[in-house]
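The whole structure should be built from the sequences, with the hints applied where relevant.
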Amino acid sequence: MRRFALIALPCAWLLALFLVPFLIVLKISLSDIALAIPPYTPTLDLSAGWQGIRAFFSALDFDNFRFLATDDLYWKSYISSLQIAFLATLMTLFVGYPIAYGMANAPDHWRPTLMMLVILPFWTSFLIRVYSWMGILSTEGYLNQLLLWLGVISTPLTILNTPTAVYIGIVYTYLPFMVLPIYSALERMDGSLLEAAEDLGCSRVKAFWLITVPLSKTGIIAGCFLVFIPVIGEFVIPSLLGGSQTLMIGKVLWEEFFNNRDWPVASAVAVVLLLILIVPIVLFQMNEQKSREADQ
Amino acid sequence: MAQTVFEPWNDPEAKPLIQFKGVTKRFGDFTAIDNQTFDIYEREFFALLGPSGCGKTTMMRMLAGFEKPTEGTILLGGQDMAPIPPNKRAVNMMFQSYALFPHLSVWENIAFGLKRDGKPKDVIAARVDEMLKLTRLQQFARRKPHQISGGQRQRVALARSLAKAPKLLLLDEPMGALDAKLRQATQFELMDIQEKTGTTFVIVTHDQEEAMTVASRVAVMDHGRIIQADTPANIYEMPNSVYVADFIGEVTIIPGKAHKRGNGYDIAFAEGQPTLHSETDAALDNGQTCYLALRPEKVSISAEKPADRTNTVQGRIIDIAYLGNLSTYHVQLPNGQMIKAQAANTRRLSRRDFSWEDTVWLSWTDTAAVLLKG
Amino acid sequence: MRRLTWFNTTSLTLGFAFLYLPMIILIVYSFNESKLVTVWAGFSTKWYGTLVQNQAFLDAAWVTLKVALASSTIATILGTMAALVLVRAGRFYGRTLFSGMIYAPLVMPEVITGLSLLLLFIGIGLDRGIFTIILAHTTFSMCFVSVVVSSRLVTFDRSLEEAALDLGCSHFDAFRLVTLPIIAPAVISGWLLAFTLSLDDLVIASFTAGPSATTLPIKIWSSIRLGVSPEINALSTIMIGIVAVGVITASLITKRASLRQQADERAAVHA
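Chains as they are written, first to last, in full-length UniProt numbering: chain D, 1 to 296; chain H, 1 to 374; chain Z, 1 to 271.
Note that these hints are calculated values from the structure, not bench results. Take these hints with a grain of salt, some might be off.
Okay, the calculated beta carbon distance ranges per label pair [stated by the list, open to error]:
(1) D:Thr164 to Z:Ser99: 18 to 26 Å
(2) Z:Arg260 to H:Lys167: 35 to 43 Å
(3) D:Thr113 to H:Ala126: 45 to 53 Å
(4) D:Thr139 to Z:Phe7: 30 to 38 Å
(5) Z:Thr50 to D:Thr139: 22 to 30 Å
(6) D:Leu200 to H:Met338: 40 to 48 Å
(7) H:His223 to Z:Gly90: 23 to 31 Å
(8) D:Ala5 to Z:Thr50: 28 to 36 Å
(9) D:Lys290 to H:Leu326: 32 to 40 Å
(10) D:Ser203 to Z:Gln262: 45 to 53 Å
Which bits of chain H does chain Z cover? Going by a derived footprint, with three or more residues having C-beta under 8 Å, they are [to be verified]:
(11) 144-154
(12) 332-340
Even glycine gets a Cβ: it sits at the ideal position worked out from N, Cα and C.
And the structure:
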């Protein structure tokens, strides 16, 4: 009885506020747009009984998905989201790995402080962290002022509202997600392994490639997925830092819903986005499983 | 005043405190306890001894109420325990990890069980103080578990489980986390406390020395069965099987064929070797395979063949294990059979009688060895 | 031995400069006299003054705080229950679905969570406002809480609970008197995480908030879309300051606690 109550309450909550809403999205993605409230058809009319249910199901179709496939705005957005997420993940890895490596090799009494410094931005508002780059990257921003003053450039660069700004924003905001798993993998590594490798004739650099990198592999993979997965659906960064030529699917969905008020298409966009996300999520789960087993 | 010997298990009138009746415990396909029937008496210090996975912990968890028997019944004072949940049993347990509540002080840990019974405050305080005194922890009462040493933690766990004055106290590897020196001191302390409180103790351990030291009876377990349950002396001197003989202490097992002669049997163990003779009550068929279990300290070692011993064999010293007060000699017979013999080191090492590769005579009396069927 | 080579020193310096410079610039320029944010015109705190008088921001902050307090508290209760189910309940019908529903919201893009909840609220005719934001925030943050708490529960020594039962506790008392006090740090960090996530959230709140309730991130969003403003710089500085004080205090407390524990353990060895 006690056990039943314990299971039932969180389960009911998640069913009602996570699973059911998602089923509604799925259903609306199969409906058609209409000038009505709510702005789509068909709506389920239970008062019409069995006939109503039959009519409801027969009016559902895949038109919205066909539309997504034909209009190049959508499939280009998906491709470009994946591409941006992939490149940004690689960049975050290149920026994050040396930081994690430096932390793991720092003296013991420094490490809690360094750890706190990496986590601190994570607790600060995401929106503010993205916003802080707007002042830096704009045409009359601090970066251009600095470069002009140094005489590196003679006319201000346009960085804000370009893909470059989006990449900078992503690397900046997602850096802790990359650093922390790699750091925890590196920190667990036994320092005598490197000494053993050098003792057996490896150079420092070779020992790094042959010992350190393979042993931090699960951390690298975890960090990459922790960046890659959320970036695909990212909305704030492309909206604030990217221009009109930066296509990202999260932004498209938002605009489809709020600006065009086309709920069925927005829902279809969401469904396809989820389908795309399943692959990396499953891969991520497998990696986590493997590292858990390795721990035991 | 003659002291009566404490042997309730030999007294047909004595009522056992705990009775296992045909108890079987299965986890899926695995049989942890295999149809066991035995009794434990009041005031006993009963040890369950065996290698890990032999079922001793399962036995104890069934007594505590954390596991239910698949078949059979466990009676406590004649009452079936099955329907009584762990928190209603007059049984307390001292956990292997001690399971001290890290957020509570030593005092609060000991008072925990008493408070659950809703006893008045002054009664609780008096009982906790009594327990602190018993375990010599008075000055640590206000400390948290992580602020005291391992040995002190062990005593807190003991005090906490004894505080409710249970009919039966279960101790799961109580000294597993202590180092060797501390362990010995603690063993005597534990016996002392058991005697003072008169509580029945059931201890689970894989350390045979510990079981022999503390227990009034030792049950040697293997694969979910009790192989032999008896006093430490009987377990050592009269093992009922090769398993028990081998598990407890050092022993040489000599396999052979038995032939009846006089009050015992002649055992032929190798071609060209004289037969060995052993007196026994056991009945064996002629030519039956048997095993002679020989404790090393019962074997004499000499340079000349002794005239007055029944069993004499000649061999070569292969190895000498120097243990300080005594040495164990590993002597190989011509057929390859190894026999261990122990001798006290009454002289200094440099003047030792025997050395490696020496040919020596081993001898023992006709009652020194135990004849076993298997 | 661990030592700082020039490579490690450089990478740490550059890395942390990258992480902190943008925020430092933001803080410095919040004290800029000029309305032109990128041109320094002398020190002034006037933007803090105008911020305090901006009723819309104050209202939004109040709404955000209420939402965060309510949703993080409910999420902590539900999330802890869910963690107990995940770690302790063993097998039951629908377990896979249950753990799926716990983990899915962690990786679900916010736009989808927001969209689906909005469609639900419209579908059942629930008026959007503070209440719907609380429901939405509770739903996704309870999953984060349950992950934090269940990772603590996995390493929890079950024999502590058995000891409590053995000493006469009911199951509920064993949880209340033994388990909960011991896992409390994880529950508290779960609550803090839920609280921060709620404070921080723009996307889900934008979908589920009605015209009657505007949260601070929504307010900030609508003003920064037009560009950088000194008032927002001032607001950001205040928010960064609060978080920094909180995180640094927390880390000092845990550091001191762990130092004390180490000292205690050393003392115990010699006792």
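inquiry  = Assuming the hint says 18 to 26 Å, is it satisfied by the Cβ distance from Thr164 (chain D) to Ser99 (chain Z) or not?
reply    = violated, 40 Å
query = Against chain Z, does the segment 332-340 of chain H show at least 3 residues with beta-carbon separation below 8 Å?
reply = Check failed, 0 qualifying residues.
ask   = Range hint 22 to 30 Å: satisfied by the CB atoms of Thr50 (chain Z) and Thr139 (chain D)?
value = holds, 26 Å
query = Given a hinted range of 40 to 48 Å, is it respected by the beta-carbon distance of Leu200 (chain D) and Met338 (chain H)?
reply = holds, 42 Å
query = That 23 to 31 Å hint for His223 (chain H) and Gly90 (chain Z) (C-beta), does it hold up?
reply = Taking Cβ atoms as reference, His223 (chain H) and Gly90 (chain Z) lie about 27 Å apart, which means the hint holds.
query = So the hint says 45 to 53 Å: do the beta-carbon atoms of Ser203 (chain D) and Gln262 (chain Z) match that?
reply = Since Ser203 (chain D) and Gln262 (chain Z) have Cβ atoms about 38 Å apart, the given range 45 to 53 Å is violated.
query = Regarding Thr113 (chain D) and Ala126 (chain H), is the given constraint of 45 to 53 Å on their beta-carbon distance met?
reply = Taking Cβ atoms as reference, Thr113 (chain D) and Ala126 (chain H) lie about 50 Å apart, which means the hint holds.
ask   = Measuring from beta carbon to beta carbon, are Lys290 (chain D) and Leu326 (chain H) in 32 to 40 Å?
value = violated, 54 Å
request  = For the range 35 to 43 Å, tell me whether the beta carbons of Arg260 (chain Z) and Lys167 (chain H) fit it or not.
outcome  = holds, 41 Å
query = Within the segment 144-154 of chain H, is the number of residues with a Cβ closer than 8 Å to a Cβ of chain Z three or more?
reply = This one holds; 6 residues, not fewer than the three required, reach chain Z with a Cβ under 8 Å.
request  = For the range 30 to 38 Å, tell me whether the beta carbons of Thr139 (chain D) and Phe7 (chain Z) fit it or not.
outcome  = Given range 30 to 38 Å: holds, Cβ gap about 36 Å.
request  = State, for the Cβ atoms of Ala5 (chain D) and Thr50 (chain Z), whether the hinted interval 28 to 36 Å holds or is violated.
outcome  = violated, 52 Å
Of the numbered hints listed earlier, those contradicted by the structure are 1, 8, 9, 10 and 12.
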